[in-house]
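FYI, the numbering for the sequence shown is 52 to 166, going by this note's numbering.
There could be a bad hint or two in this list.
[Said to hold, decoys possible] Okay, derived cross-link-like pairs now, DSS-like style, lysine-lysine, Cα gap no bigger than 25 Å in a straight line:
1) LYS148 <-> LYS94
2) LYS94 <-> LYS126
3) LYS126 <-> LYS148
4) LYS137 <-> LYS126
5) LYS148 <-> LYS115
6) LYS137 <-> LYS115
7) LYS115 <-> LYS94
8) LYS148 <-> LYS132
9) LYS132 <-> LYS94
Hints in this document: simulated from the structure, not taken from any laboratory.
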Amino acid sequence: QVQLVESGGGLVQPGGSLRLSCVVSGGTISIYTMTWYRQAPGKQREMVATITWGGSTNYVDSVKGRFTISRDNAKNTVYLKMDSLKPEDTAVYYCNKEAGRPFPWGQGTQVTVSS
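Work out the full structure, taking the sequences as your base and the hints as a guide.
Below, the structure is given as structure tokens:
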């Protein structure tokens, strides 16, 4: 059974930084394009950043230049470094495959940006 565990969230002031991790167990991520998603209260889940098995990345316009996605296939882990955080980045962050049948969703990690 594949399990995804996201961590690294928290409360941070505007302009601050966080580094999220997503550890996948029971399966391998090496052949998949992996994605970080987020869901803010009252809004639909949206794609934030993707990374292919080869390391190519893509970002939603609102986070370009501030967020960096990376992966360590040997550790079955995907990361999201978030800098210059804004209040509108407040959401629960999840990781999963970009396409196809998703892995079972993890609980996500809460990111709150507030002064």
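Hints and how they fare:
no. : hint              : verdict
1   : LYS148 <-> LYS94  : holds, 20 Å
2   : LYS94 <-> LYS126  : violated, 32 Å
3   : LYS126 <-> LYS148 : holds, 16 Å
4   : LYS137 <-> LYS126 : violated, 30 Å
5   : LYS148 <-> LYS115 : holds, 20 Å
6   : LYS137 <-> LYS115 : holds, 13 Å
7   : LYS115 <-> LYS94  : holds, 20 Å
8   : LYS148 <-> LYS132 : holds, 18 Å
9   : LYS132 <-> LYS94  : holds, 23 Å
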